[in-house]
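For chain A, the structure is supplied; the task is to place chains B and C on it using the hints.
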Amino acid sequence: MPKITIDNKEIECRAGVPVLQAALEAGWDVPHYCYHPGLSIVASCRLCLMEMMMPNPKTQELSWSPKLVPSCQTPVKDGLICRFGSDTVKHNQRVCMEFFLLNHPLDCPVCDQAGECYLQDYSYKFGNPTSRMVDQKLKNPKKDIGPRTLLYQDRCVMCSRCVRVTDEVSGTFELGIVNRGSRCEIDAFPGKPLDNPLQGNVVDVCPVGAMLDKDFLFKRRVWELRSTSSVCPKCATGCAIHVDHADNKVYRLKPRFNPKVNTWWMCDEGRFGFKYVHDKKRIVKPIVRRGMDHESPDWADVPDIVRFRFSELVKRDGAAKVAAVLSPFLSCEEAWLLCKFIRSLAPTAALVTGLIPYSGEDRKFPIGSNNGTTKFTILKEKCPNRRGIETILKAFGGTTLTFDEFCKKATTGEFSAAWITGGYPEPWVEKETAKIAEKIEFLVVQDIFENELCTGAGMIFPSCGWAEREGSFMNAAGVLQSFERAIAPPDGAKQDGQYLYDIAGYSGLYRATRIRELMSAEVPAMKELYVPPEMPAHAH
Amino acid sequence: MANFEPILLRNRGVTGSTSLKVYESRGGYRAVRKALKMTPDEVVEEVKKANLRGRGGAGFPAGMKWSFLPKDRTRTLLCVNADESEPPTFCNRVLMETDPHQLIEGTIIAAYATKSQIAYIYMRVEFHEQFHIVQRAIDEAYAAGYLGTKIFGTDYSLECYVHRGAGAYVCGEETGLIESLEGKRGWPRIKPPFPAVEGLFRRPTVVNNVETLSCVPHIIERGAAWFTGIGPPHSTGPKLFCISGPVKKPGCYESPMTISVRDLLEREDMGGGMLPGKRAKAVLPGGASMGIISANEFDMKMDFEDPRKFGLLGLGTAAAVVIDDSIDMRVVLRNMARFYGTESCGQCTQCREGTAWMHKMATRIAMGAGRVEDLDVMLQTARNMGMMPGLSICGLPDGATYPIETIIKKFRGELESAIRAQPAGRAKRVLSVLN
Amino acid sequence: MAQPAGERLLKLSRSVKRAMSWQTINRNLPVMDPKAPPVLTEAVREKIRGFFPRYETKRAVLLPALHIVQDALGHISWKAMAEIAALLEIQPSDVIDTISFYTHFWTHSKGKKVIVACRSVSCEVMGGVAVLEELKKRLGIDEHETTADGAYSLVTEECLAGCDHAPCVIINEKLHKRVRAEDVVKLLADHANARLEIPRSDLFDAPAKTAADPASQNSQAEDLVGTTSDVREMRES
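Residue numbers (the numbering used here), protein chains in the order written: chain A, 8 to 547; chain B, 53 to 487; chain C, 761 to 997.
Only chain A is shown next, with the shape it has when bound in the complex (with noise of 0.2 angstroms):
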């Protein structure tokens, strides 16, 4: 590991990585807007030069350099000296500020921008309080630069992150420089606009508000908003998000630095596809059948139904003839408490790997690339925890089933009892499917939306979106992530978590680490969680 000192202070940094980067990690705030560690440097911004000692070419004695070098741009090397802090970098810094400024509409209160902008922080922070320049601003336009995002030119500090986006992250071209010099513009041809399943990116790594989301637009300030750590549910990539929520709402989902798994970047595929969580016509309440009455039990009431009635078929039939099906959107911690349950009524209950939902293919991006050199991929498994599932199960032994397996042996009426979540956000249940139902006697479907399997079923359970609830996913690559519950299930439900573990004999509230610690004592693999490595704090 290099050292290097900066503004006197000698720190250890990373091998391989600009001396900015290297600053920002130890906690020092350079401005920067074209720096992106996921992007090529540019350096164009000019915000983070510093000073750095250098040899004199004669003498060899080091001395300042007279001429500031950018900090992106200049690699860490054991022994680098450098400084931010000098009058020198802080007068280029001021300078930097007023040039941005120029031609800047100020319109911060009505725009989207405001509060997570580094325009605003930078100049609270680094730059002057009044401007000089009282001549007539460059007024740009808007533009309408793709079907989910607008372009507000008059905001853009040219820092061309945007662009690269689409030329080294996505690898679609979409958005080029226009004009030259102060008339430069951000724009993409006509007919060929920003829409690409990478898009949103565009919006996430511009510092300023020049690219916002359609989607977000005014909906809420975002200081308002609360930020929650969680897990992308809608591939098995799982990237690491954030749910920026107010009000028990989701209102945008960002990715979150996981360097194991989506880098800086999510799919507008993961990003819009929230929407679900704020259905009306998700199920809320836990539904009791008999024959063509259904009733609402109270919550206390559930675990006792559900025992007896699994207790009882067991004594009558035995207990290879109870199934539990694992839904891939299932936590790691759920499927491990539903599997505990069932089989301590049943030890020899089937085990059954729930429906895995596919569409398309992979796509990797950048588009065209191979696997040395893809930055992202958008899986065509569409479910966030296949692999958990499958992981658990083999843990758990005995008989285990796929899904088509499960299916054909329920039609034959191999199953006097079965319990089959869902929570997938599309329709899942075929006519085929359906059918199993009248087979089974006793029927526990647990599912977000109603589905043909209900008519059946002997019991009802609300399942929740993954942003009301907590646990843990594992991606298609063997990795464990956590998630946290970002806002509260509606009225009437409870957390899928909560009950299964009050159905499975505990007490008290679940807590997903709690489970987690139980669970990895019987199921190593889920004893390594990783957690990703924040950003730096003044990283972005």
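None of these hints come from the bench; they were simulated from the model. Errors might be hidden in some of the hints.
As the list claims (entries may be wrong) - Calculated lysine to aspartate or glutamate pairs in the DMTMM-like style (CA-CA distance at most 20 angstroms, straight line):
1. C:Lys818 - B:Glu250
2. C:Lys937 - B:Glu149
3. B:Lys236 - C:Glu849
4. C:Lys818 - B:Glu76
5. B:Lys361 - B:Asp376
6. C:Lys818 - B:Glu211
7. B:Lys236 - A:Asp324
Chains B and C alone, transformed into the frame defined by chain A:
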């Protein structure tokens, strides 16, 4: 030195000087034959010994540039910088329209010395006639076997193409030129890597100015010692000087770098003095980017070192424009500010915003709505954009600051009295209309 | 006297026709008809392809290609950009990115004669402003505008490197030297400006690699005479 025998311009005025036949009859293509008998390293060494400093503006020694190429390279490219856009410079134009074969000969020698396979001549698009002349000369050279495969019967092959620009000052910067050659916007690249290591198409690349390359055949033919014998030790060899503005004989003149601005302006074999009734007030002696000198500084020597003593950036392109006393300095200030405002490439913040802001202020001042404090703001903005050693990727903003700074500093009295002569409250009223 | 300067400045800022901050440009819709027949003829395409061997990447052919297309069509339309992009296997956004950087490429049609007036320091010192004002007056248009009949466009440029002959004006490809305001009428009427000695796109023919007949080269040399003119000569005639 009054009767200096022209070297680079020796064929000017000779009938048919652009044709291969005439060029050869006057001793052309002898140097390249000599060079091809030497090893490439010997050629580099000779040019190094001659201390040939680049004529494009920065004055970087050409031989040194060539020796930065990595030793283990397999493919090298040579770019000839004929994107002469610095106002008021036209010496490359004169070289190309009078003696294109001299450039081609220099190009072949430089390409051989750097082991280049292709030479691209990047020519600004406004050179229409010059393009025809050079292209025809290239065709002639191909036909004679001086370009193409196995030139001059040796094993060395060289392709030479003219690549026309499209109107961008910054493409005269070597990495801007390379980007432009690759079909992109001419945004200069961040260095390192320097072009010698990774340039055009990511290959080792050498970029040399037309005038620099035109000197090369003479160095090879007559030797480095002869070359260093011309002019002062730090500024060796013949140099083309341009003079324009209200002088009797505006044009391009060749001389060792021993002359002063006054010589260029007044000598009979050069500018020949001012037009009747005009009096010189100031001179931009080295192209716009170097800055201005006032009438009492005309004894400045035009070499690579002396201009710095007068607050200028350097010799630049050694192209002087004379400003007579009928011209309002506010107009010159606006002209300079406008040039950099329109030609800034827009990559680095300081330059993109600073040049445009200075243009706005200078336009307002020239229209008679200036404020005295605008001069201070301009001066500060100029410095904030970065005077040498600079804050930006390329040197354009440094070039933009020098004329602004020197005009305001050296002609502050004139500018201020012009501003004070405006009707009272005018600036305020104009600004209220604008905002 | 206070108003005019302000108004002039305002006019100046308005004269650059561009969308303003309160307008929204829609980039979702194509501005060209994708079903319309191609605008690049096979001859033009062939000429562009002729440049491929010169460069290591196809993208590097972009500048020559844009010159060829502009010479053939008078300007580079959106459709032409898309077709060039397809031909060079790059993105249309790359093409507009490059075009918009250079002042020499036009995305909208220009007049038959494009007048480029130099406004650099030498020309300004030698009276270039008066020439430009006279041009504007005679043509009835402002900078970067085209006359209603499509005969003339007026463009200003920084330095044409003809400073020893300041002030300079280029009309199509012919450089006019030492132009004075009173020469403008004559200059505009000069028929030679409309007709170039060589068709423009031939400027981009690949160099002759075969040994050419020296005689034909000489005759070619004579053809080239007169792409510049000294206005003083014209005055005297």
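Broken hints, numbered, in rising order?
-> 4, 5, 7
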